[in-house]
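2 protein chains.
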Amino acid sequence: MEGRSLKMDIDDSSTSNKVSVSLTAEVLDYHDPGPNPGHTPPAPPNEVTQYSGLGPTKANEKPRVVVLGSGWAGCRLMKGIDTSLYDVVCVSPRNHMVFTPLLASTCVGTLEFRSVAEPIARIQPAISREPGSYFFLSHCAGIDTDNHVGFDGSSLVIGVICGSMMILDRNAGSVHCETVTDELRTLEPWKFKISYDKLVIALGAEASTFGIHGVKENAIFLREVHHAQEIRRKLLLNLMMSDVPGISEEEKSRLLHCVVVGGGPTGVEFSGELSDFIMRDVRQRYSHVKDYIHVTLIEANEILSSFDDRLRHYATKQLSKSGVRLVRGIVKDVDSQKLILNDGTEVPYGLLVWSTGVGPSTLVKSLDLPKSPGGRIGIDEWLRVPSVQDVFAVGDCSGYLESTGKTVLPALAQVAERQGKYLFSLLNRIGKAGGGRANSAKDMELGDPFVYRHLGSMATIGRYKALVDLRQNKESKGLSLAGFLSWLVWRSAYLTRVVSWRNRFYVAVNWATTFVFGRDISRI
Amino acid sequence: MEGRSLKMDIDDSSTSNKVSVSLTAEVLDYHDPGPNPGHTPPAPPNEVTQYSGLGPTKANEKPRVVVLGSGWAGCRLMKGIDTSLYDVVCVSPRNHMVFTPLLASTCVGTLEFRSVAEPIARIQPAISREPGSYFFLSHCAGIDTDNHVGFDGSSLVIGVICGSMMILDRNAGSVHCETVTDELRTLEPWKFKISYDKLVIALGAEASTFGIHGVKENAIFLREVHHAQEIRRKLLLNLMMSDVPGISEEEKSRLLHCVVVGGGPTGVEFSGELSDFIMRDVRQRYSHVKDYIHVTLIEANEILSSFDDRLRHYATKQLSKSGVRLVRGIVKDVDSQKLILNDGTEVPYGLLVWSTGVGPSTLVKSLDLPKSPGGRIGIDEWLRVPSVQDVFAVGDCSGYLESTGKTVLPALAQVAERQGKYLFSLLNRIGKAGGGRANSAKDMELGDPFVYRHLGSMATIGRYKALVDLRQNKESKGLSLAGFLSWLVWRSAYLTRVVSWRNRFYVAVNWATTFVFGRDISRI
Numbered sequence: 001m002e003g004r005s006l007k008m009d010i011d012d013s014s015t016s017n018k019v020s021v022s023l024t025a026e027v028l029d030y031h032d033p034g035p036n037p038g039h040t041p042p043a044p045p046n047e048v049t050q051y052s053g054l055g056p057t058k059a060n061e062k063p064r065v066v067v068l069g070s071g072w073a074g075c076r077l078m079k080g081i082d083t084s085l086y087d088v089v090c091v092s093p094r095n096h097m098v099f100t101p102l103l104a105s106t107c108v109g110t111l112e113f114r115s116v117a118e119p120i121a122r123i124q125p126a127i128s129r130e131p132g133s134y135f136f137l138s139h140c141a142g143i144d145t146d147n148h149v150g151f152d153g154s155s156l157v158i159g160v161i162c163g164s165m166m167i168l169d170r171n172a173g174s175v176h177c178e179t180v181t182d183e184l185r186t187l188e189p190w191k192f193k194i195s196y197d198k199l200v201i202a203l204g205a206e207a208s209t210f211g212i213h214g215v216k217e218n219a220i221f222l223r224e225v226h227h228a229q230e231i232r233r234k235l236l237l238n239l240m241m242s243d244v245p246g247i248s249e250e251e252k253s254r255l256l257h258c259v260v261v262g263g264g265p266t267g268v269e270f271s272g273e274l275s276d277f278i279m280r281d282v283r284q285r286y287s288h289v290k291d292y293i294h295v296t297l298i299e300a301n302e303i304l305s306s307f308d309d310r311l312r313h314y315a316t317k318q319l320s321k322s323g324v325r326l327v328r329g330i331v332k333d334v335d336s337q338k339l340i341l342n343d344g345t346e347v348p349y350g351l352l353v354w355s356t357g358v359g360p361s362t363l364v365k366s367l368d369l370p371k372s373p374g375g376r377i378g379i380d381e382w383l384r385v386p387s388v389q390d391v392f393a394v395g396d397c398s399g400y401l402e403s404t405g406k407t408v409l410p411a412l413a414q415v416a417e418r419q420g421k422y423l424f425s426l427l428n429r430i431g432k433a434g435g436g437r438a439n440s441a442k443d444m445e446l447g448d449p450f451v452y453r454h455l456g457s458m459a460t461i462g463r464y465k466a467l468v469d470l471r472q473n474k475e476s477k478g479l480s481l482a483g484f485l486s487w488l489v490w491r492s493a494y495l496t497r498v499v500s501w502r503n504r505f506y507v508a509v510n511w512a513t514t515f516v517f518g519r520d521i522s523r524i
Numbered sequence: 001m002e003g004r005s006l007k008m009d010i011d012d013s014s015t016s017n018k019v020s021v022s023l024t025a026e027v028l029d030y031h032d033p034g035p036n037p038g039h040t041p042p043a044p045p046n047e048v049t050q051y052s053g054l055g056p057t058k059a060n061e062k063p064r065v066v067v068l069g070s071g072w073a074g075c076r077l078m079k080g081i082d083t084s085l086y087d088v089v090c091v092s093p094r095n096h097m098v099f100t101p102l103l104a105s106t107c108v109g110t111l112e113f114r115s116v117a118e119p120i121a122r123i124q125p126a127i128s129r130e131p132g133s134y135f136f137l138s139h140c141a142g143i144d145t146d147n148h149v150g151f152d153g154s155s156l157v158i159g160v161i162c163g164s165m166m167i168l169d170r171n172a173g174s175v176h177c178e179t180v181t182d183e184l185r186t187l188e189p190w191k192f193k194i195s196y197d198k199l200v201i202a203l204g205a206e207a208s209t210f211g212i213h214g215v216k217e218n219a220i221f222l223r224e225v226h227h228a229q230e231i232r233r234k235l236l237l238n239l240m241m242s243d244v245p246g247i248s249e250e251e252k253s254r255l256l257h258c259v260v261v262g263g264g265p266t267g268v269e270f271s272g273e274l275s276d277f278i279m280r281d282v283r284q285r286y287s288h289v290k291d292y293i294h295v296t297l298i299e300a301n302e303i304l305s306s307f308d309d310r311l312r313h314y315a316t317k318q319l320s321k322s323g324v325r326l327v328r329g330i331v332k333d334v335d336s337q338k339l340i341l342n343d344g345t346e347v348p349y350g351l352l353v354w355s356t357g358v359g360p361s362t363l364v365k366s367l368d369l370p371k372s373p374g375g376r377i378g379i380d381e382w383l384r385v386p387s388v389q390d391v392f393a394v395g396d397c398s399g400y401l402e403s404t405g406k407t408v409l410p411a412l413a414q415v416a417e418r419q420g421k422y423l424f425s426l427l428n429r430i431g432k433a434g435g436g437r438a439n440s441a442k443d444m445e446l447g448d449p450f451v452y453r454h455l456g457s458m459a460t461i462g463r464y465k466a467l468v469d470l471r472q473n474k475e476s477k478g479l480s481l482a483g484f485l486s487w488l489v490w491r492s493a494y495l496t497r498v499v500s501w502r503n504r505f506y507v508a509v510n511w512a513t514t515f516v517f518g519r520d521i522s523r524i
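Taken in sequence, the protein lines are chains A and B.
Heads up: the first sequence runs through residues 1 to 524, numbered per the UniProt record's numbering.
Heads up: the second sequence runs through residues 1 to 524, numbered per the UniProt record's numbering.
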């Protein structure tokens, strides 16, 4: 109790952030499992210990950058951050980054799942080696920016608790985390808090269902490796189920009807991969049912709307040639075996893949921070969240505030990666100038703001064909290519961009073995 | 109804197998989805259609060999069977064969899961190409041998049903199947029957728990790819959980205590792989927790009891050197976080792998066929089940009847593979001699009986060391090797024995990348 009241006495009332008694009390309960974990009190397993965690950094420690998320933005940032200046703590429910542009290829076995997943410990080795850097396999449950007061190293708080003199930590904002449980009922999530000097929110976005009934329950999205695994298992199950004796013609056709909703690059690439799989592998290895399998791509507007008209027509022609049925329509309702379009048409399906774009996640929606149009976390030109100190937001979860006069950038890997790259050099610059600690970069000159320059778009459409559109935007002029040459450009571009040499090698090996032996059809 | 009574009239009363009225009636309900599936009546989806299936083969069709299971015995048989003589139908809940000797290596990422899984359609391409051959992703629910009467092609049953003359099928024994449902509540299993001319039971065995409480619920076996996947996910989860702030010392040690029960080749190889993983990868990439991870191998008797004494001592020394704690003990009880030994010792664990050997599966136990000592399906020297016609049993599910005077062979891949090989040549010989049809090989001379000659045993113990024991049995003399040379022999032997060139290539590539880049730690 003395600790609490002492803490209140020295509250920095000049800051606009109010420090409440209860929050101050929480800080005293922090356990720091850092260099000498022998001092942590033994906690009974599976008990929810609300307030354990990493407390504010001490004067003899490096300032701490907490990164929420392990997508394009967060990983690019972690890759480039100077770990001699900062400790890095990453919080994410997955310990790897997914190389999303190649994810569609893994659904049918053209590539293996592990070839497109890059462990974070490989992207930033410090995270598992440095004593103050960590990766936590956890969900972020909330962000507490109120407490981000910050004292510089010279003004450490000294208090007397239970009669012995001790140095109290500086205050800092914190992140509430809950460990993943793999949806096992036997596993209770472990709750803890991490204080930050700098916070980078890179939480990404969620697939949007537009509130259409039944999508969440029956469709599979295509954003994570486990989605691709689910699609592959379901596709192989349906192929085998349709061969079982006694299955009616109608049921066979339903099981083998693959429906893709959403004609953006993901939907188109997946449709192209599926038709390749059907033309090459199903015809050979499921010859009993080969005439029953069909792919339908449903899109409300035009497919690949961001691409050049000429490329779009080319893609439409090529997809139709490969047997993909293109349907213009809006989905009204989805049940477990059929979907219903706006005009009443019923479309029975065996596999439904939903890739209609993304929207803000529940967590991002719940954050009490200013938002950009569309509900993304509002940022200024330096990717800062302006209402609070030391908080940045990058990637799909963020968008410019209207006051900046800039339009919100599309939710693309390219944007996220560029923002991660910009932010790590900004943070490195701040750190070098001595502004790494909480609240110590307030009046620092940040230099050039972030500027996004679109480098173009690529999409493969199957049958060794791809589109490459190097125009900066829909209106401007520039190079656009379609066909086999584009496909070579597509393959080589991605091969060089895959993060590690190990995965570059595996992607090349997977492509080669798929070419020689066909796709793997083990259902594991 | 006329069909039924007619059928009864022509019952072959000379056979010992009684044909009941109800069974005959069932046969009339068979749908054959063969060459012209347009004639199958449309069945509502998800409805249990008990009696659809593949009826007895017709005179213009090849005789049908039904293989239950896709392990070593079943796959070796399918690989070699002459598909110009027989149609092959395989029933198994997995569409691939697992190369079990390398399964332990996949748990820690030395090898990838797909490198040790071989699709059955690749082992026997006819199964997906020939009009009468099939693979059914289903469980076998029962075997009906009573109905196996069989008429030769000349004595087809002709009957009059509803006033029109029709040819009735020959009668044959059948197998009851249920499609897999992936434990999804939304999926109702589809039930169907398959008649056989020849039936090969290759259902394998189940991991035995010796009735010890809590084993099934808490331990992971190591027999299927999904077991290896579960082990890998759990191990990576525990490594990351143990790094979470606030976790007590005790809990950290528990999470990172890997316990292996059973000191046979699988248990020893898995322990060796684990210690390799810890020494090389954990030390580098989980340096925060590297001092907490330990491996304990519990065995009631001696480890590797089938190996030469010298090799056994070598293995014991090497394992201890790599940090594997060897404990002599019997497990009495298992709960979710600790196991209890017979002497009362409590062993807390984070990962528990159970590999104490195998016993007959529930299905094999339920079959009303004579059994060998130990509850395996009784066979004679030609691998036939003697009490019924045209039924063979191979691999772990079978054992010699006491009347043969032969001792039951151990449940080894080597035995299963050799039996599969013997049986395909026996069946090919029978087929060539015109005995392929149901009940037509009754009095045929079968030639040499099956003789098993043990070629030796191999096991790797980690750290580039292995054991190779080329003695035919425990008592006889012969070459035995231990060390790096053995390890080279071990690797090259398995590399050449992996079934397909694709997987040989992938195993080599996996080994090479593990050597260069370390093991993959993405938790996907």
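A hint or two may mislead.
You can't tell identical chains apart in this list, so a pair holds if it fits in one copy or across any two.
Below, in silico cross-link-like pairs of lysine-lysine (DSSO-like), each with a Cα-Cα straight-line distance of 30 Å or less [stated by the list, open to error]:
hint: 1; residue 1: Lys442; residue 2: Lys234
hint: 2; residue 1: Lys290; residue 2: Lys234
hint: 3; residue 1: Lys317; residue 2: Lys442
hint: 4; residue 1: Lys62; residue 2: Lys290
hint: 5; residue 1: Lys79; residue 2: Lys290
hint: 6; residue 1: Lys332; residue 2: Lys432
hint: 7; residue 1: Lys371; residue 2: Lys216
hint: 8; residue 1: Lys58; residue 2: Lys332
hint: 9; residue 1: Lys79; residue 2: Lys234
hint: 10; residue 1: Lys79; residue 2: Lys332
hint: 11; residue 1: Lys234; residue 2: Lys216
hint: 12; residue 1: Lys321; residue 2: Lys58
hint: 13; residue 1: Lys406; residue 2: Lys338
hint: 14; residue 1: Lys317; residue 2: Lys290
hint: 15; residue 1: Lys191; residue 2: Lys338
To be clear, the hints were calculated from the coordinates, so they are not data collected in a lab.
Same-copy or cross-copy closeness of Lys58 to Lys332 [CA-CA at most 30 Å] | Neither. Shortest intra-copy (56 Å) and inter-copy (49 Å) distances fail the 30 Å Cα cut-off.
First find the shortest C-alpha distance between Lys317 and Lys442 inside one copy, then the shortest across copies, and answer within, between, both or neither for a cut-off of 30 Å.
-> neither (56 Å within a copy, 62 Å between copies)
Can you tell me if Lys332 and Lys432 fall within 30 Å by alpha carbon in one copy, between copies, both or neither?
-> This pair counts as neither: shortest intra-copy Cα distance 55 Å, inter-copy 60 Å.
Have a look at Lys79 and Lys234 and pick one of within, between, both or neither, based on CA distance no larger than 30 Å.
-> For Lys79 and Lys234, the Cα distance is within 30 Å only across copies (27 Å; inside one copy 35 Å).
How would you classify Lys371 and Lys216 at a CA-CA limit of 30 Å: within, between, both, or neither?
-> within (25 Å within a copy, 50 Å between copies)
Checking Lys290 and Lys234: alpha-carbon separation at most 30 Å within a copy, between copies, both or neither?
-> Cα proximity of Lys290 and Lys234: one copy only (17 Å, versus 39 Å across).
For Lys62 vs Lys290, is the C-alpha pair at or below 30 Å within one copy, between two copies, both, or neither?
-> Classified as between: cross-chain Cα gap 23 Å, same-chain 61 Å, threshold 30 Å.
Classify it for me, Lys234 with Lys216: is the Cα-Cα distance of at most 30 Å met within a copy, between copies, both or neither?
-> For Lys234 and Lys216, both the intra-copy (16 Å) and inter-copy (27 Å) Cα distances are at most 30 Å.
Identical-chain pair category, Lys191 with Lys338, by Cα at 30 Å | Between copies only: 23 Å across chains, 41 Å inside a chain, cut-off 30 Å.
Should Lys442 paired with Lys234 be assigned to within, between, both, or neither, using CA atoms and 30 Å as the limit?
-> neither (53 Å within a copy, 44 Å between copies)
Within, between, both or neither: Lys406, Lys338 at alpha-carbon 30 Å | Neither way: Lys406 and Lys338 sit 42 Å apart in one copy and 58 Å across, limit 30 Å.
How would you classify Lys79 and Lys332 at a CA-CA limit of 30 Å: within, between, both, or neither?
-> So Lys79 and Lys332 fail the 30 Å test inside a copy (43 Å) and across (49 Å) alike.
In the structure shown, a violation is registered for the earlier hints numbered 1, 3, 6, 8, 10, 12, 13, in ascending order.
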